[in-house]
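Colleague: What follows is the residue order along each chain.
Number of protein chains: 6
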Amino acid sequence: MPIITIELLEGRSEVQKKQIAKEITETLVKNANVKPEAVTILFHDLKPENIAKGGKFLSEK
Amino acid sequence: MPIITIELLEGRSEVQKKQIAKEITETLVKNANVKPEAVTILFHDLKPENIAKGGKFLSEK
Amino acid sequence: MPIITIELLEGRSEVQKKQIAKEITETLVKNANVKPEAVTILFHDLKPENIAKGGKFLSEK
Amino acid sequence: MPIITIELLEGRSEVQKKQIAKEITETLVKNANVKPEAVTILFHDLKPENIAKGGKFLSEK
Amino acid sequence: MPIITIELLEGRSEVQKKQIAKEITETLVKNANVKPEAVTILFHDLKPENIAKGGKFLSEK
Amino acid sequence: MPIITIELLEGRSEVQKKQIAKEITETLVKNANVKPEAVTILFHDLKPENIAKGGKFLSEK
Numbered sequence: 001m002p003i004i005t006i007e008l009l010e011g012r013s014e015v016q017k018k019q020i021a022k023e024i025t026e027t028l029v030k031n032a033n034v035k036p037e038a039v040t041i042l043f044h045d046l047k048p049e050n051i052a053k054g055g056k057f058l059s060e061k
Numbered sequence: 001m002p003i004i005t006i007e008l009l010e011g012r013s014e015v016q017k018k019q020i021a022k023e024i025t026e027t028l029v030k031n032a033n034v035k036p037e038a039v040t041i042l043f044h045d046l047k048p049e050n051i052a053k054g055g056k057f058l059s060e061k
Numbered sequence: 001m002p003i004i005t006i007e008l009l010e011g012r013s014e015v016q017k018k019q020i021a022k023e024i025t026e027t028l029v030k031n032a033n034v035k036p037e038a039v040t041i042l043f044h045d046l047k048p049e050n051i052a053k054g055g056k057f058l059s060e061k
Numbered sequence: 001m002p003i004i005t006i007e008l009l010e011g012r013s014e015v016q017k018k019q020i021a022k023e024i025t026e027t028l029v030k031n032a033n034v035k036p037e038a039v040t041i042l043f044h045d046l047k048p049e050n051i052a053k054g055g056k057f058l059s060e061k
Numbered sequence: 001m002p003i004i005t006i007e008l009l010e011g012r013s014e015v016q017k018k019q020i021a022k023e024i025t026e027t028l029v030k031n032a033n034v035k036p037e038a039v040t041i042l043f044h045d046l047k048p049e050n051i052a053k054g055g056k057f058l059s060e061k
Numbered sequence: 001m002p003i004i005t006i007e008l009l010e011g012r013s014e015v016q017k018k019q020i021a022k023e024i025t026e027t028l029v030k031n032a033n034v035k036p037e038a039v040t041i042l043f044h045d046l047k048p049e050n051i052a053k054g055g056k057f058l059s060e061k
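Protein chains in written order, with UniProt numbering: chain P, 1 to 61; chain U, 1 to 61; chain F, 1 to 61; chain C, 1 to 61; chain B, 1 to 61; chain Z, 1 to 61.
Hints in this document: simulated from the structure, not taken from any laboratory.
There may be inaccurate statements among the hints.
What the hints assert, rightly or not - Derived EDC-like pairs: lysine to aspartate or glutamate, alpha-carbon spacing no greater than 16 Å straight-line:
1) K22(F) <-> E23(B)
2) K56(F) <-> E37(F)
3) K30(C) <-> E23(B)
4) K53(U) <-> E37(C)
The structure displayed is predicted, hence computed values, not measured ones.
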């Protein structure tokens with residue numbers, strides 16, 4: 001623990017996601033007082049036709 | 001907020017999912033007293049070989 | 001299936017949540033072609049100090 | 001109910017996953033006092049580039 | 001990894017939940033080829049008024 | 001979007017959680033190219049008797 005699940009619109013590059021994972025891990029190590037290897041981060045990349053805001057899919061916008 | 005995650009068997013059409021997203025948003029606007037754009041709906045389409053009921057995968061039925 | 005998880009700010013009344021559950025079930029029966037008893041809805045009521053938007057907790061707003 | 005979501009690294013065979021679903025269902029029937037068909041198990045197979053431990057993706061290890 | 005989240009109706013005893021956690025861990029060690037300490041199990045105990053089946057909360061049944 | 005859910009052992013202070021929310025939001029704004037208010041972070045604080053690692057609850061350790 002902790003376990004972080006990130007639901008986000010697909011399309012971010014490997015470099016972006018690596019940086020996100022690195023920084024979030026550092027944030028939790030520093031502020032939640034845990035070891036780096038205790039931090040698990042899961043990315044759920046979602047297609048625009050699977051995310052709706054205000055009743056409309058992102059693929060409709 | 002609110003955030004609604006729908007886990008369902010893959011295969012619904014875009015039209016079906018659009019109608020589901022539209023109606024669920026209306027339901028929450030009306031009953032949870034929120035603005036439409038505050039409502040986020042995420043669809044997790046799952047393959048039949050990733051859903052088990054009664055110890056058997058849907059792909060086995 | 002389907003399984004719907006609703007993450008929302010705590011505080012809605014039982015009446016509001018009953019109406020939400022009723023309408024969402026009807027929406028999925030009508031549009032996803034499933035039986036009412038196949039629809040499971042889970043409410044995760046969250047405290048304002050456990051929901052952050054724009055880097056601030058709702059309890060700070 | 002109960003609903004079990006399993007987040008795991010993609011790559012397990014159908015046979016492995018069938019056995020996992022079968023045994024977990026038996027465990028819950030025996031220990032949670034529920035009927036087999038009440039137990040729903042969802043598998044979220046994740047790519048190694050979507051799982052980070054200690055700030056590094058499994059695809060980097 | 002793997003990470004198992006169990007959504008269930010509150011009320012199971014500590015003994016029941018210990019046995020569930022023990023057996024599910026064994027199942028994954030045996031069938032998913034992982035070490036015991038790699039298996040994380042999270043229990044989300046839900047109140048009957050937060051679980052709806054067929055449009056009705058368990059607290060209404 | 002994005003939506004971040006953090007499952008963690010209960011007990012972190014408000015100050016710790018505010019700093020976590022602030023830094024994670026900054027990380028996503030910078031690396032996922034989104035606006036701060038688009039970032040939603042949900043904390044699921046779990047009791048030690050609801051988290052099992054290696055088949056044992058944290059409350060047993």
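Colleague: Hint by hint, note whether the structure agrees.
Modeller: Quick rundown of the hints versus the structure:
no., hint, in the structure
1, K22(F) <-> E23(B), "violated, 36 Å"
2, K56(F) <-> E37(F), "violated, 39 Å"
3, K30(C) <-> E23(B), "holds, 11 Å"
4, K53(U) <-> E37(C), "holds, 6 Å"
Violated hints, in rising order: 1 and 2; the structure is consistent with all others.
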